[in-house]
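Visitor: Those protein sequences? They're chains A and B, same order as listed. So the first sequence is residues 1 to 293, counted in the numbering used here. So the second sequence is residues 1 to 259, counted in the numbering used here.
Note that these hints are calculated values from the structure, not bench results. Since this is a predicted model, take the numbers as computed values, not measurements. Glycine is no exception: its CB is placed at the ideal position from the N, C-alpha and C atoms. Any given hint could turn out to be false.
To be verified - Chain B stretches covered by chain A per the calculated footprint, using a threshold of three residues with CB under 8 Å from any CB of chain A:
hint : region
1    : 17-29
2    : 38-46
3    : 50-59
4    : 87-100
5    : 106-115
6    : 130-144
7    : 223-232
Unchecked claim - Examples of chain B residues lying across from chain A (beta carbon under 8 Å, computed):
hint : residue
8    : S119
9    : Q177
10   : T178
Chain residues, written in single-letter form:
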Amino acid sequence: MTSIARTDAVAQMGWPPKKLLPGIFILILFLIIPLSLLLMTSFWSASFTGLKAEWTLANYARLFSRPVYVDLLMKSTRIAFVVTTITLVVAFPMALWIANRPPARRMQLMFLILIPFWTSYVVRTYAWIPLLGNNGVINYALMKTGIVTAPLDVFLFSQFTVHVGLLYVYLPYAIIPIALSLERIDKDLIFAAADLGASPRQQLMWIIIPLALPGILGGGIMVFILCIGAYVTPALLGGTSGMMIANVIPDMFGVGMNWPLGSAVSLLLMAITMAWVWLLGSRVGFRSIFIGD
Amino acid sequence: MRTPAGRFVSPLGLYASLLLVFLYLPIITIAVLSFHDSPVNALPWQGFTSRWYARALTNPDLAKAFLNSLLLGMAVGLCAAATATAMALAFRIPFYGKTLVLALILMPLMTPPLVHGVSLVLFWRLNGLALSITSSVFVGHLTFVLPFVFLTIFPRVHRFDRSLEHAAMDLGATRAQTFWRITFPLMRPGIIAGGVLGFTLSFDEFLRTFFLTSRELTLPLYLWTLVTNDLSPQSSAVATMVVLFSLGCLTIWGKFAAR
Chain A
1 MTSIARTDAV AQMGWPPKKL LPGIFILILF LIIPLSLLLM TSFWSASFTG LKAEWTLANY
61 ARLFSRPVYV DLLMKSTRIA FVVTTITLVV AFPMALWIAN RPPARRMQLM FLILIPFWTS
121 YVVRTYAWIP LLGNNGVINY ALMKTGIVTA PLDVFLFSQF TVHVGLLYVY LPYAIIPIAL
181 SLERIDKDLI FAAADLGASP RQQLMWIIIP LALPGILGGG IMVFILCIGA YVTPALLGGT
241 SGMMIANVIP DMFGVGMNWP LGSAVSLLLM AITMAWVWLL GSRVGFRSIF IGD
Chain B
1 MRTPAGRFVS PLGLYASLLL VFLYLPIITI AVLSFHDSPV NALPWQGFTS RWYARALTNP
61 DLAKAFLNSL LLGMAVGLCA AATATAMALA FRIPFYGKTL VLALILMPLM TPPLVHGVSL
121 VLFWRLNGLA LSITSSVFVG HLTFVLPFVF LTIFPRVHRF DRSLEHAAMD LGATRAQTFW
181 RITFPLMRPG IIAGGVLGFT LSFDEFLRTF FLTSRELTLP LYLWTLVTND LSPQSSAVAT
241 MVVLFSLGCL TIWGKFAAR
């Protein structure tokens, strides 16, 4: 395959094929142009109808002068960072275990991880409410066993719950890419390291983790992006203390009717996301993360 | 389970089992509570009933939302599979700007769903268009599932032996014949797996739809109104059925993705 690709490379290096056009058209028209509009309107003024085409820096001035938005952005970034880190740490041993099962068993386990991945995150977030609520399963069990006498209300509607909810919802997004990149590691490399006297810990740090880096970073990118813009989890499980930036943006486009401010906040969210993607992606290259060759 | 060390369960195996419990406990809880004969979705257990399923299955709003999601998902899956297949075929040969095009294809993955939703609403409003399932929601879903479908199909196209195509052409097959008799059949499992993935991602999508629809609801949006307004176990019954439906889709996907 590689040899054919190489001969092709010599034979015909040309313009992008026409087959790409429908896809490029869709992506430019419905992603790149809308994002550019977001950038543009973040420099427009607000009006009763939503926005007015008058250039201004007022939105950014307002955004930075009122700590509420900056604070929420920082808080969302912090939550996303903490959840991503914990998710990767929790996912790695699981992925390692799956990758080392015999192939048939590995398929079954991957299937078990894929079921939650394929199930609506609204459903999976909602599933925590009857578990954590005042009359929920966990409080019920604690009271039945006599550990507590009154239901604990710390479980639901706190920042802690948001962390747990996000970890739960996005865990498969980390396990799957890490397991796939662990599977691809040539076992002979590990045997060779062991033969040469590397301890299991050294094998892990010098062979396994570096070779699984594309999967780890891919998982880290996906989980962070989904967490920083999370709406459903903080809305259902967070209460007021667990609110994140995504929970205030819809109002700016709806009843609050301050589209330019909403655009500016969304754009900052996008900027933080891009910075994270660049930070993680530039280490090994996006091609190895997402395509794996 | 035996490990090379001879112990019955390795620490890693125990850890993995606990994590699986963590992943499935909430899902099992709602499945159990969906049969709970109680006006509220909580314990203590007061008896078994299937009336929440009966209520959900005779609920016309739910049926409409399900149908909306089903048709939308099918349209998105089909269009995404066709577009992504064309792109995957194009990616077999080198061309100028390939890295840039790949970055463009991956861009929807890098955009937080909320930002994508908001930016498309802006695009629609500035152009004076009306939000609807068939226009704004469809387009929003199609854009974001494209990279997922592409990444499912691409490895398959990349892997197969191109000398089969060269042989067919050498033997006098036209380009079209080669495509339909050789290339397409070889790619078909990947295309179907990609299409089913696109369908499911669209079927489960919430946040973009939340911004991009006007009045019509998809299943996740309907479930959202149920979860935020209705305290009864009916929401658990609907959620359980959604899980079972996703399981069905995953099984179909698995059949083709494993080939």
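Visitor: Against each hint, give a clear statement of whether it holds in the structure.
Guide: Results for each hint:
With 9 residues carrying a beta carbon less than 8 Å from a beta carbon of chain A, the region 17-29 of chain B meets the three-residue requirement, and the given coverage holds. Look at the region 38-46 of chain B against chain A: 5 of its residues bring a Cβ nearer than 8 Å to a Cβ of that chain, three or more, so the hint holds. Only residues whose beta carbon comes within less than 8 Å of a beta carbon in chain A count, and the region 50-59 of chain B has 0; fewer than three means the coverage is violated. Counting residues of the region 87-100 of chain B whose beta carbon lies closer than 8 Å to any beta carbon of chain A gives 11, which reaches the threshold of three, so the coverage claim holds.
Interface restraint, the region 106-115 of chain B with chain A: holds (10 residues with C-beta to C-beta distance below 8 Å; minimum three). Taking a C-beta to C-beta cut-off of 8 Å, the region 130-144 of chain B contributes 4 residues in contact with chain A, enough for the three needed, and the coverage statement holds. Here's how the region 223-232 of chain B fares: 4 of its residues keep a CB closer than 8 Å to some CB of chain A, so the rule of at least three is met and the hint holds. The closest approach between the C-beta of B/S119 and any C-beta of chain A is roughly 4 Å, which is under the 8 Å cut-off, so the hint is satisfied.
For B/Q177, the interface hint is violated, the least distance from its beta-carbon to any beta-carbon of chain A being 18 Å, above 8 Å. Annotation: B/T178 was flagged as interfacial toward chain A, and the flag is violated, the nearest CB pair being 15 Å apart, outside 8 Å.
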